[in-house]
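No gaps in the numbering here: position 46 of the sequence shown is 46 in full-length UniProt numbering, and each next residue is one more.
These aren't lab readings, by the way, just hints derived from the structure by calculation.
Any given hint might turn out to be false.
Cut-off 27 Å, straight-line C-alpha distance, at most; resulting in silico cross-link-like pairs (DSS-like, lysine-lysine) [said to hold, decoys possible]: (1) Lys176 - Lys86; (2) Lys86 - Lys180; (3) Lys3 - Lys174; (4) Lys169 - Lys180; (5) Lys169 - Lys94; (6) Lys112 - Lys100; (7) Lys86 - Lys3; (8) Lys17 - Lys94; (9) Lys100 - Lys169; (10) Lys17 - Lys86; (11) Lys100 - Lys86; (12) Lys17 - Lys97; (13) Lys3 - Lys183; (14) Lys3 - Lys176.
Here are the computed distance ranges between Cβ atoms for each label pair [said to hold, decoys possible]: (15) Gly87 - Phe59: 37 to 47 Å; (16) Val199 - Ile128: 20 to 30 Å; (17) Ser91 - Ser181: 29 to 39 Å.
Because the structure is a prediction, the values reported are computed rather than measured.
C-beta: ideal position from N, C-alpha, C; glycine also.
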Amino acid sequence: MNKITTFLELSLELFRKNYNLFIPLTLLASILSFAFEMFGKLIEYPDSTVIQLSLTLAFLALIIPYVYYLSRINISLILIVNDRVKGIDTSIKKVYKESKELFWGYFQTGLKFMLLLIVPIILLIVTITVDLSFIIKISVGAISIIAISYLAILYGFSFLVSVLQPNEKNYFDKSKILFKSNKLFVFILIVFVSTITIVTNYLPTYILKDSSLFGFIDNGVIIGILLGIVVGPITSAMTIYAYWYLNDDLYPINQ
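Using the sequences plus the hints, can you model the full thing?
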């Protein structure tokens, strides 16, 4: 737990010194995600079937560019945080240019990760939505949650591998090696970072669930987005510090 505290302190200090580099990227990612989500909600409002169909087709057409540019922004955030962790001079323009070559590896990693999780996620959805006996619901639900959590922890570093060490032969195998090198530490780290992310994203929505802006935008969602703009770089820094620590290549921790 001491190392987790150290990572948090280092990440907070890194953010304090470099927020002008980090916030533009998280802000851009938030705006892009929010705009895409709002466009999706617009489909529900028109009474005309023709307009609804047109909006649906436009929404589907936007999925590919949305995933592409959001992925590049996420890659850019990893790169720029990593540069500052290593004490390297950097810029948003520099990392965004570098993100282009790394996109395909990052995208493939995300796709494979989704395929790994699809079976336990489907089982979890079935236990929630289908009328089953209480014992079956609890048993299958617990197994699904354990499977999802285990896979997320075991292969959670694969995204960082695809960006920070793209020449590795297998990103998932490398993530597994990092996990096995210090299982308890990785478990605590992932739980800690995931908890912060979940609380940031969903607690404001739960607290402010009855209030909205313009009648359809939840105030909690807006606050969650604003918090995420700040928290995102900090949790990214924590995982990157941990990544290089597990690779035995991080001087602030190993000294």
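Hints, verified against the model:
{"no.": "1", "hint": "Lys176 - Lys86", "result": "holds (24 Å)"}
{"no.": "2", "hint": "Lys86 - Lys180", "result": "holds (24 Å)"}
{"no.": "3", "hint": "Lys3 - Lys174", "result": "holds (21 Å)"}
{"no.": "4", "hint": "Lys169 - Lys180", "result": "holds (18 Å)"}
{"no.": "5", "hint": "Lys169 - Lys94", "result": "holds (25 Å)"}
{"no.": "6", "hint": "Lys112 - Lys100", "result": "holds (20 Å)"}
{"no.": "7", "hint": "Lys86 - Lys3", "result": "holds (18 Å)"}
{"no.": "8", "hint": "Lys17 - Lys94", "result": "holds (19 Å)"}
{"no.": "9", "hint": "Lys100 - Lys169", "result": "holds (20 Å)"}
{"no.": "10", "hint": "Lys17 - Lys86", "result": "holds (14 Å)"}
{"no.": "11", "hint": "Lys100 - Lys86", "result": "holds (21 Å)"}
{"no.": "12", "hint": "Lys17 - Lys97", "result": "holds (23 Å)"}
{"no.": "13", "hint": "Lys3 - Lys183", "result": "holds (14 Å)"}
{"no.": "14", "hint": "Lys3 - Lys176", "result": "holds (20 Å)"}
{"no.": "15", "hint": "Gly87 - Phe59: 37 to 47 Å", "result": "holds (43 Å)"}
{"no.": "16", "hint": "Val199 - Ile128: 20 to 30 Å", "result": "holds (22 Å)"}
{"no.": "17", "hint": "Ser91 - Ser181: 29 to 39 Å", "result": "holds (33 Å)"}
Every hint, counting from the list given before, is met by this structure.
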